[in-house]
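Undergrad: The primary structure of each chain is shown beneath.
There are 2 protein chains.
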Amino acid sequence: MIYEDTLTVGVDLGGTKIEVALVDATGSVLMRRRLATRVGEGPVVIQSEIIETVMDLRNRSGAKPAALGIGVAGQVDPVTGTVHFANNLGWREVPIGRVLGDALGMPVFVTNDVRAATWGEWLYGAGRGCGDIVCLFVGTGIGGGIVSGGRMLAGCSNTAGELGHITVDLNGPRCNCGNRGCMEALAGGWAIARRARESVENDPVAGASMLRKAGGHTEGINTRIVSEAAAEGDPVAAGILETAARALAAGAVGLVNAFNPGRLILGGGVIEGLPWLVDRIDEEVHRRALAVAGAPLQVLPSQLGNDAGVIGAAIMAMRLLAGEDPEEPENRRQ
Amino acid sequence: MIYEDTLTVGVDLGGTKIEVALVDATGSVLMRRRLATRVGEGPVVIQSEIIETVMDLRNRSGAKPAALGIGVAGQVDPVTGTVHFANNLGWREVPIGRVLGDALGMPVFVTNDVRAATWGEWLYGAGRGCGDIVCLFVGTGIGGGIVSGGRMLAGCSNTAGELGHITVDLNGPRCNCGNRGCMEALAGGWAIARRARESVENDPVAGASMLRKAGGHTEGINTRIVSEAAAEGDPVAAGILETAARALAAGAVGLVNAFNPGRLILGGGVIEGLPWLVDRIDEEVHRRALAVAGAPLQVLPSQLGNDAGVIGAAIMAMRLLAGEDPEEPENRRQ
Numbered sequence: 027m028i029y030e031d032t033l034t035v036g037v038d039l040g041g042t043k044i045e046v047a048l049v050d051a052t053g054s055v056l057m058r059r060r061l062a063t064r065v066g067e068g069p070v071v072i073q074s075e076i077i078e079t080v081m082d083l084r085n086r087s088g089a090k091p092a093a094l095g096i097g098v099a100g101q102v103d104p105v106t107g108t109v110h111f112a113n114n115l116g117w118r119e120v121p122i123g124r125v126l127g128d129a130l131g132m133p134v135f136v137t138n139d140v141r142a143a144t145w146g147e148w149l150y151g152a153g154r155g156c157g158d159i160v161c162l163f164v165g166t167g168i169g170g171g172i173v174s175g176g177r178m179l180a181g182c183s184n185t186a187g188e189l190g191h192i193t194v195d196l197n198g199p200r201c202n203c204g205n206r207g208c209m210e211a212l213a214g215g216w217a218i219a220r221r222a223r224e225s226v227e228n229d230p231v232a233g234a235s236m237l238r239k240a241g242g243h244t245e246g247i248n249t250r251i252v253s254e255a256a257a258e259g260d261p262v263a264a265g266i267l268e269t270a271a272r273a274l275a276a277g278a279v280g281l282v283n284a285f286n287p288g289r290l291i292l293g294g295g296v297i298e299g300l301p302w303l304v305d306r307i308d309e310e311v312h313r314r315a316l317a318v319a320g321a322p323l324q325v326l327p328s329q330l331g332n333d334a335g336v337i338g339a340a341i342m343a344m345r346l347l348a349g350e351d352p353e354e355p356e357n358r359r360q
Numbered sequence: 027m028i029y030e031d032t033l034t035v036g037v038d039l040g041g042t043k044i045e046v047a048l049v050d051a052t053g054s055v056l057m058r059r060r061l062a063t064r065v066g067e068g069p070v071v072i073q074s075e076i077i078e079t080v081m082d083l084r085n086r087s088g089a090k091p092a093a094l095g096i097g098v099a100g101q102v103d104p105v106t107g108t109v110h111f112a113n114n115l116g117w118r119e120v121p122i123g124r125v126l127g128d129a130l131g132m133p134v135f136v137t138n139d140v141r142a143a144t145w146g147e148w149l150y151g152a153g154r155g156c157g158d159i160v161c162l163f164v165g166t167g168i169g170g171g172i173v174s175g176g177r178m179l180a181g182c183s184n185t186a187g188e189l190g191h192i193t194v195d196l197n198g199p200r201c202n203c204g205n206r207g208c209m210e211a212l213a214g215g216w217a218i219a220r221r222a223r224e225s226v227e228n229d230p231v232a233g234a235s236m237l238r239k240a241g242g243h244t245e246g247i248n249t250r251i252v253s254e255a256a257a258e259g260d261p262v263a264a265g266i267l268e269t270a271a272r273a274l275a276a277g278a279v280g281l282v283n284a285f286n287p288g289r290l291i292l293g294g295g296v297i298e299g300l301p302w303l304v305d306r307i308d309e310e311v312h313r314r315a316l317a318v319a320g321a322p323l324q325v326l327p328s329q330l331g332n333d334a335g336v337i338g339a340a341i342m343a344m345r346l347l348a349g350e351d352p353e354e355p356e357n358r359r360q
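Protein chains in written order, with this note's numbering: chain P, 27 to 360; chain G, 27 to 360.
Calculated directly from the structure, the hints in this document are not laboratory data.
Misleading hints may appear alongside valid ones.
[Unchecked claim] For each label pair, taking beta carbons as the anchor points, the in silico distance ranges come out as:
1) P:Gly259 to G:Glu309: 31 to 39 Å
2) G:Gly295 to P:Ser54: 50 to 58 Å
3) G:Pro230 to P:Gly241: 46 to 54 Å
4) G:Thr106 to P:Gly131: 53 to 61 Å
For each residue, glycine too, the CB sits at the ideal point set by N, CA and C.
Generate the whole structure from the sequences, applying the supplied hints.
TA: Here's what the structure looks like:
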């Protein structure tokens, strides 16, 4: 039972920034703070900063949030509240649930950041009211979440949803994960930037426009620069984005055929920077997926954008508080 | 509540054969019949043959099966018991559930053949006791089933599990479904045969061994001939199987990363004919999947083989009879 006036805190802890928000039972953000993640300072300092920020939110709002949910970019154990491994943070075995819970005197629920964002989109965003969704978040890396038959899939060791690492081109480029041809290795922000840098190094004349935008430094080329150059008609940049679009569409087709979702929700920085990707993927998926799987499918942009993570984490905390297993909601089949 | 002495009938209706079996509550086949599917005769004749076969099984066994489950190679509506579309049978909108139920005077449950086989492997085969499995059946085509968190995934319009149509090579060959580079277009029996025929036509000298085995007729080349030729050292045949193995492994890696199953179960005619594929996929998946997803994973051959379909269909009927939603079993998490 969730009371209408229950408030919880949602935290989204990523490798570059930390979002902290006070969220109500309707999924609305009442107050928020954003901090840079000072990765070099280590977990003790970062946890202290989160604790101070939550205390500050409590003081300024006068509200009494009843629980806290935190999504961490890494591999977590939701039962013990420990972050086993978080690559971008350089963390191993950090008991953040216990640390935050002891300092703040409230129940703390720890989950993965992408899982939290999927919860947000499912319950309060583009997935609302649908029991079968696939969320694909395309940022520097690619992650996702799958809701099937009104349940969030967790997998046997809680790592389901690593959708960036489905193979879409078995002869494709090497991925950070060690495999080849992962969707992420063709369409993740790091891969788009890598490919652009390689193109510029191989042919500085053809790559002159991107190189100029990066102030003459190849290593300064990022997804934003590739997008700008492509928008201005640079064929090298456009080709790189075309490859990324094809990879995302191919991966999306496979996910639609495998899971038969009612909605495919696309979010993350790369999608926000290149919003035409949503229509492109929509068109390709409906053309290439099996007719029976494509017919009921809607392809939609994320509705919560950057807030999906804090809202999802806060809602998971609210469910925990209400005595429900946050990973086992009531059936919300369409 | 299922009584220990409950018997049900399982039927596996495919494009080439029909299996009918009397199955007990432990998943054991007590008696069986196999018929050729006389596709040309149409649905009325085929349904009559199934009815006669079930009556014959009842008479000969003296048993009183309480319900019947049938898995059909096609798209079905389990609620109405209608086959919407079955390509291999040439069927459209055949109300097989009502027809069999009226004639036999017992409840009939209609499902997809691959879904039924996944149920069989899950509850009585290689998936027993595990709540997170992926079954991949590699025959002429490739289909599958996914169990996650102790539930069989159905998708929003009951077509989840079309695992043959995940893209593994976005520049790959055309698939029967109209898309390119599906796992099935590289590793399904029809694709292996197609590629072998093309190779022989393009280079009859290099393909002499396969052509000889097919009595000089290119169109007689099938997966069995490719397997035999490869086993005898034919490099063309071996290359085709190598491509199929790489495609299966790439698809399996993606499924393992997306779903995080505890067991990946491999069955179907191509796997049975090329049992080394199980070890090959096992090795590749453990080398290429994310460490967190690969660590808990076992890769296993199907235990029920050709019986998975009839056992699964019979067990689904038993669950229906017991008043349970056959698609929503008790949680069998590992």
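Undergrad: Report the numbers of all earlier hints that the structure fails to satisfy, in ascending order.
TA: 1 and 3
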